[in-house]
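In order, the protein sequence lines correspond to chains B and A.
Per our numbering, residue 1 is the first one in the first sequence, and the count goes up by one each step.
Per our numbering, residue 1001 is the first one in the second sequence, and the count goes up by one each step.
Keep in mind the hints are simulated off the structure, nothing from the lab.
Hints should not be assumed to be uniformly reliable.
Unchecked claim - Listed below are the simulated DSSO-like cross-link pairs for lysine-lysine, each with C-alpha atoms no more than 27 Å apart in a straight line: (1) B/Lys2 - A/Lys1072; (2) A/Lys1072 - A/Lys1250; (3) B/Lys38 - A/Lys1061; (4) A/Lys1123 - B/Lys38; (5) A/Lys1026 - B/Lys38.
The structure presented is a predicted model; accordingly, all values stated were derived computationally and were not measured.
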Amino acid sequence: MKPFAYKRAIDTADAVRLGAENGSSFIAGGTNIVDLMKEDIASPTTLVDISRLDLKTITSTANGGVSIGALAKNTDTANHQRIRTSYPLLTKAILAGASPQIRNMATNGGNLMQRPRCTYFYDVSMPCNKRVKGSGCAAINGLNKYSAIFGWSDSCVAVNPSDMSVALMALDAVVKVREASGKIRTIRFADFHRLPMNTPDIETSLKKGELIVAIELPVPRFATNYQYLKLRDRASYAFALVSIAAAFELKNGVISDARIALGGVAHKPWRAIEAEAFLKGKRPSDENFANAGELAIRGAKPLSGNAYKIKLARNGVKRALTDALNMGGTVAK
Amino acid sequence: MSFYDDDLKDAPDRVDGRAKVMGKAKYIAEHKPAGMLYGYLVQSTIAKGTITAIDTAEAEKQPGVRLVVSHKNAPKLTIPERPVGARPFYPLMSADILFNAQPIAVVLADSFEEARYAASLVKITYSSSKADSDTRGMFEKALPEARVTPDRGKPLEVFATAEVKIEAEYTIPFEHHHPMELHATVAVWEGGKLTVYDKTQGTQGTAGYVAAAFGIDRTNVRVVAPFVGGAFGAALRPGPQLLIASMAAKLVGKPVKVVYSRRQLATAHGYRPASTQRIKLASDKQGKLSAIIHEAVHNTSSHEIFSEGLVGISRSLYACPNVKTSQTVARLDMQTPLWMRAPGAVSGAFALESALDELAYKLKIDPLELRIRNYAETDPESGKPFSSKELKECYRQGSEKFGWSKRKIEPRMMKDGRWLIGYGMATGTWFAGQSPASARVTFRANGTVLVESAATDIGPGTYTMGATIAAQGLGVPIERVTFALGDSELPPSPGQGGSTITSSVGTAIKEACEKLGTEFAAVDAKTDGSPFKDVAAADIVVENASIMVKGKPETKKSFADILTANNLPQLAVLHRSTVATAERSKYSIASHGAQFVEVAVDEEIGVARVRRVVQATAAGKIINPKGAHSQEIGGVVWGVGMALTEVTEVDDRYARIMNPNLAGYHVPVNADIPEIETIFVPEEDKIVNPLGAKGLGELGLVGIPAAIANAIFNATGKRLRDLPITPDKLIA
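Chain B with its partners taken away, still in its complex shape (with noise of 0.2 Å):
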C-alpha cells in the first residue's frame, strides 16, 4: 500500500472537486478500495471520504419510484420497507452479496464501482490489460472458470461481481451522477457498466470526479413474482458462478412483461432481453420458461474452463422462473 493523502469532502460540490484531482479517489464504506490498496492494485495519492454526505436516505420520487441514496447501505437498503415492500428482487440480491459484516459496510454507490475479482487482477505480478494497459490478459488462456462467457473481448475476460447491480439491471434502474459542473446527470442502468472492448481498465460510464449520488427505481413492478437465484461454489459467501434476476408480471395468466438479467456471466449484468420478448404473452409452463433458458444463453462463447456456466445460466433460468411462479421456491439449503 503506498502512501496517500486522507480528504473529507464537506458537500457533494466539494466531494466532486477534490475528486476531479490527479490521483485521487472516493472512499465511503471501504469495503473494496481498501483491499485494493493492500494489494497494491489501486495506489491512490489522495482519498476523498465521501461517507458523512448526505446522500443516505430512501425516498419517494415524484413519479412513484423511488429514490436510494448512493451512501445508503448496502444492509439498510436491503431491510428498508419501501425496498422489501416494492421491490423485493433487490432486497433478495443485495442479500445473496458478500456477508453481513461488509453488507453493514458497503454503500449502494460503492456496491455499482466495485470492481472485478479476477484472480489474474489482484496478482500484481501478473500480466493484465485492465491493471496494466497493453500487458495482455492471462485469464483468457489460464484459469478463466469464473469468467465470462458473453461480451469479453481479447484484452479482458473478467465477470462484474455485483448481485446488487444485476436486480437493478433487471428492474430498469438509472444512476443519477453529480458532474463537476454541479449538474445532475442521469445514466441508464444498462449503460452504466461497460464491455471490457480495448480499455477493460475503464468498467462504468463515469468520468473522472463524477459522483453517483442516488440509485433510482421506476414505478414499483415485479414484486410479487421474482428471484434471485445465485450459483455458487458454497452456500455463502462466494461470488456468483451465475446468477439470475427473473420476474414477470401476470395478467389473467399470462405473461405480460418480463425482466431476466444475468450476473458473473459477463463485464457488466447482462440483460437476456430475446428471452423477456419470448415470454411477452405466453403462458407460464416448464416449457416456456426453458426455452427463456435457452434464449438467454443464445450467443454465450466459452473460455477454456467455463463452458459449464452456459448450461448453468439456462438452467438457471428456467429455475429462476419456475420459483418466481411459485415464489417461495429457494435453492438455499
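Place chain A on chain B using the hints.
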C-alpha cells in the same frame, strides 16, 4: 436441546476458552518487545531460476526503513547435512528460486505500513526457466518407488481371474490448511541468546532447528508459543519467517517481527500434495474381497522428497489375502508439500472407500454390509491382534442413529421435492501413536496445581486435556489447575502432530500425578508415626488432594497438611513417561470410526448439500469430552470442504498459486454445514497407553470425503472421482 447435552453436562469447559473470547490469549503477532521493528516479506514472482539483481535503493530511501535483508547481506546459516537429493529450503541463503512466491527479502521498518510500502519498491531481476507444476500425468513423471512393499499373496493373478472386479482412478488437488493465525515470528536477541515467539506445533523441535542454523547451543534458544491459532500441520516444520526474523534481528540488533500476510501465506508452508490413485478391487459374488491393488502418486518439490502414506490403508482396513500397493512421488517446481490434517490417510481413504462403494454397486450389496463381510478381526498385514477395535460397534451405532436401513440401494430413488437424496458411508482409521514425554506437576500449599510441559495447544484442547488429567489424578477441582505450556524451556514434549499429544503428554501428566502421591508419602514417611513408612508405591491411593494407604481410609492425609507439617511451600515432580514399546509391538494399535452422510443434490443447477452426518468413533477413553466432540465435528467440517469446495488453483504456465486467500480458497462456511452428530463408542484399551486414550484429531476427517462422494452417487448415479465436487462437475 441438542443430542450432546446429556453426555456433556458434567464435562469441563475449555479452560482457555474465556481468555480466547476475551482477547486475552496472546498470539504470536501480538508480542511486542521494546524497540521492535516490523519486517515485511518480498516474495519471488517466478517459480524457477535465479535472482540476477536486487535493487533496494528506492525502498531504503523511504521514511522509517532501517534495512533490507536479502541473500546479499543475510548472515550465513549452517544448513545441516541431508541425504542426497534433499535440499531443504533455507531462506535468503542464495539467489536460487525454487518455487513461486518464495521469500527473497525482508524490509525492516519502524512501522508495519512503512515496511509494507517499501517492500513493494524492491526491484528484483531474474533469470527464469520453465517450471513444471502440472499435476496431470504424475504417474508418468514419477520417481522410482523408494521402498517397494512386497505383495501380500498374488494380487495380480487373482485380480486377472476374479469373478467381480472394478477399477478406477481418483484425483485430489493441492489443498491448503489456511489456519486463522498467520505464520509469524518475533525474534529477540539478548547477547548470544535468542528468544523467538513463533507459530509452531513443536517448541523444542523449533528450538533445535534454529539453534543448529545459527550454530549456537540449544540452551541459548528459547521458543515461546503459548497459543496457536490453528495449524493442522501447517506449523509442523518451521516457517521461513522464523529464520528470516532471527537473521534480521541479529543484523539490526533489535527485535524483529515478521508476519506472513494472508496472500503470502500459501507458500509459508507446504500443503496437501496433489495425488492420483488407481485402485483395482476383486471379490467373489458374495463380496468377499480377493484382491486389492492400490497405486498412488503424489507430488513433491524439486528440492526435497516429501512422501506421505496414501496406500497403507489398503493393507490394513479390510481382510483380504492378496494386496499390492505402490506409491511414488513426482517432482514439481512448487514449495515442498507438508502434512495436512489426516495426511495420507484421508487421501487414501477417499480412493479406497469410494472404490468399495463402486464394488458394492457392482455386487448389489449394501456398502455397509460389504464392509462387515470383509471386517478385519486381526491386522491383515501383520496378523497381530488389535489392542482394541470397536469398529463393528461404530458401524452398528452409527447406522442405527443415522437410519441407514431406510436407504434405497438404487441411485435416484430417494427424493425430497427437487432434491435427489443420497446416503453414503465410509470407514476411517488412524494409527494411535505415543511418544515419550515429560511433565512437571507441582502442588502448592494454597491448594493450587501447576502442570508444565513444552507441548503446544494448536486448538484441539490440550490445555483442557492436561488440566483434566491433573484434576482427576490428584482429586482437585479443575479450576485449581493451571497448565503452562508452549515454551521450549518447559519439560520435553514431542511436537503436536499425528494426534499423539494426549497419549504422550497426557500419560506423562497422569504418571506424574501418581508419582506426586508417592512423593508426598515419602515426605510424610520421614515424620514420626507416619502410616506411609515402608508402604509400596502401588499401595498409595491419591484422592481429593490427599493420600492414604490402600484399604485404610483412617491413614488419609491431605497434601496441604503434609506441606504444612514439613514447612514446605510446595512439592513438585518432574516425570518422563516412556512408551511400552515391547508390549505395544505385539498389537496393531489404531482408532477407528464410521461415517454416515446424507446429501441432497439439485442436479439441474449443480448444487450438492450435505444435510446430515453421523460419525461414530472408537478412540479408547475420551479424556476431554467437549474437546473431543469438537474435534470430530471439526473433522467432518474439514471433510465437507475437501469433498465439495476446497482446491488450491495453480496456473501451470507460471507454477503460481492463484487463489491464495480466503475469498478464492473456499473453506466451508456455516451455511454449508449441516447437523453433525458425533458418537463415541465405548472402547477399553489397556495396551495403547496408561490412559487408554487414542488420538482423534485426524480420525474424524478420514472417511468423510468418500462418504460424501458415495452419497452423491447414491443420489444421482454419478460417480465423481475428482475432488472437489463443485457445481461445474455436478452439472457437466
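The hints, checked one at a time:
1. B/Lys2 - A/Lys1072: 26 Å, holds
2. A/Lys1072 - A/Lys1250: With Cα atoms ~15 Å apart, A/Lys1072 and A/Lys1250 stay inside 27 Å; holds.
3. B/Lys38 - A/Lys1061: Measuring from Cα to Cα gives roughly 21 Å; hence the hint holds.
4. A/Lys1123 - B/Lys38: Roughly 18 Å between the alpha carbons, so the hint for A/Lys1123 and B/Lys38 holds.
5. A/Lys1026 - B/Lys38: The hint holds at about 25 Å.
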